[in-house]
Amino acid sequence: MAIIDILAIAGLGAGITLAVYFARDIEDQHKFRILGVLLLLITVLLLLALLSYHEDEPRLNLVGPFGHIEARAFRYLFGYFSYLFIGLIGFCCYRYLVKGDSYLKPVYFILSITLPILGLSGLFLPGDLTGEISVNLSRLLSGLLGRVGTFILLSGIGTILFMLFFEVKIRLEPPETKAERKKKKKKPIATPTPPPARDFKGSFKDSFLKILADPPKDETFEVDEDAARIIVERLKEFDVTGKIVGVVSGPVITRYEFEPDPGIKLSRITSLAGDLALALKAVRIRIVAPIPGKSAVGIEVPNRNRRVVYLKKSLLEKDEFRKGVLNVPLGE
Numbered sequence: 001m002a003i004i005d006i007l008a009i010a011g012l013g014a015g016i017t018l019a020v021y022f023a024r025d026i027e028d029q030h031k032f033r034i035l036g037v038l039l040l041l042i043t044v045l046l047l048l049a050l051l052s053y054h055e056d057e058p059r060l061n062l063v064g065p066f067g068h069i070e071a072r073a074f075r076y077l078f079g080y081f082s083y084l085f086i087g088l089i090g091f092c093c094y095r096y097l098v099k100g101d102s103y104l105k106p107v108y109f110i111l112s113i114t115l116p117i118l119g120l121s122g123l124f125l126p127g128d129l130t131g132e133i134s135v136n137l138s139r140l141l142s143g144l145l146g147r148v149g150t151f152i153l154l155s156g157i158g159t160i161l162f163m164l165f166f167e168v169k170i171r172l173e174p175p176e177t178k179a180e181r182k183k184k185k186k187k188p189i190a191t192p193t194p195p196p197a198r199d200f201k202g203s204f205k206d207s208f209l210k211i212l213a214d215p216p217k218d219e220t221f222e223v224d225e226d227a228a229r230i231i232v233e234r235l236k237e238f239d240v241t242g243k244i245v246g247v248v249s250g251p252v253i254t255r256y257e258f259e260p261d262p263g264i265k266l267s268r269i270t271s272l273a274g275d276l277a278l279a280l281k282a283v284r285i286r287i288v289a290p291i292p293g294k295s296a297v298g299i300e301v302p303n304r305n306r307r308v309v310y311l312k313k314s315l316l317e318k319d320e321f322r323k324g325v326l327n328v329p330l331g332e
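Take 1 as the starting number for the sequence shown in the numbering used here and just add one per residue.
It is worth saying that the hints were derived from the structure and are not from the lab. Predicted, not measured: the structure shown is a model, and the values here were computed from it. Treat the hints with care, since some could be wrong.
[As the list claims (entries may be wrong)] Lysine-lysine pairs mimicking DSS-like chemistry, simulated, CA-CA at most 25 Å apart:
1. K243 / K294
2. K294 / K265
3. K265 / K236
4. K236 / K294
5. K281 / K243
6. K281 / K236
7. K265 / K243
Starting from the given sequences, assemble the full structure and let the hints guide the process.
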């Protein structure tokens, strides 16, 4: 009967392995998530099977005949420590799915608890309580190392696995020599000295601005009104009606603010970016849907002639910059 029980557990493990193998085309992250959920489901079924186990009444088991066989196998191999083993598996599945632990950490955690308990309990408790694995492991180790050696070995292995689970790091530093200790004592404590204050009184800002070049006086920039008309007409061809309510011109691009009529979805406008670029003969355009704080859609079109941004006139001579203390000019 014990062979049947062992084969039942082996078949359960083989089924899980095959499920993962046939899911090899799935991404690794999803594959291990599926495995974690599957193990958690099996843990719940095994717990129900153990709680409702009756040795002579397989029909009373909540998981049916299969649950009866699995519960009997766990009782035979692990004894009453089956509840501890299944509880640890459930806890590790929770850590793996919710906390995102590595798949090796549950193995370290389970072995760090079950291995010392199974190895030592067989020395002091009867076999029907501890299971065949505990009895045989204790008998093997005590025959080679004795009880004291078995206790030391299993405790050490459990401690190592426990440290691997919690990622405990032991940092060993060489002791300081006498010369290093004397050097520390003699080392003076440096007091930081504040940097000397600089006084920029006078016309420093004005002198600096005189160095920079002035923009040409005849430079003008006109808004392309044909572009606004083309945008409205092109959108109308696709049953997207509305009007241009504002134009914001910059040195590189011009933003046309298009207010659609009621009932027009924004997704219809954004999907027409390529058609608008073709109609405007632009390389590409950008649609801001909607403009923050406005009931309009921004259509940014590159200017045919880019305007030069002069540092002096466009930025440094503005009141916002002159009245500031630590302003940095970035662009217009």
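Comparing the hints with the structure gives:
1. K243 / K294: holds (14 Å)
2. K294 / K265: holds (15 Å)
3. K265 / K236: holds (14 Å)
4. K236 / K294: holds (21 Å)
5. K281 / K243: It holds: about 21 Å lies between the C-alpha atoms, which stays within 25 Å.
6. K281 / K236: At roughly 18 Å apart (the allowed maximum being 25 Å), K236 and K281 satisfy the hint.
7. K265 / K243: holds (15 Å)
Violated hints: none; the structure is consistent with every hint.
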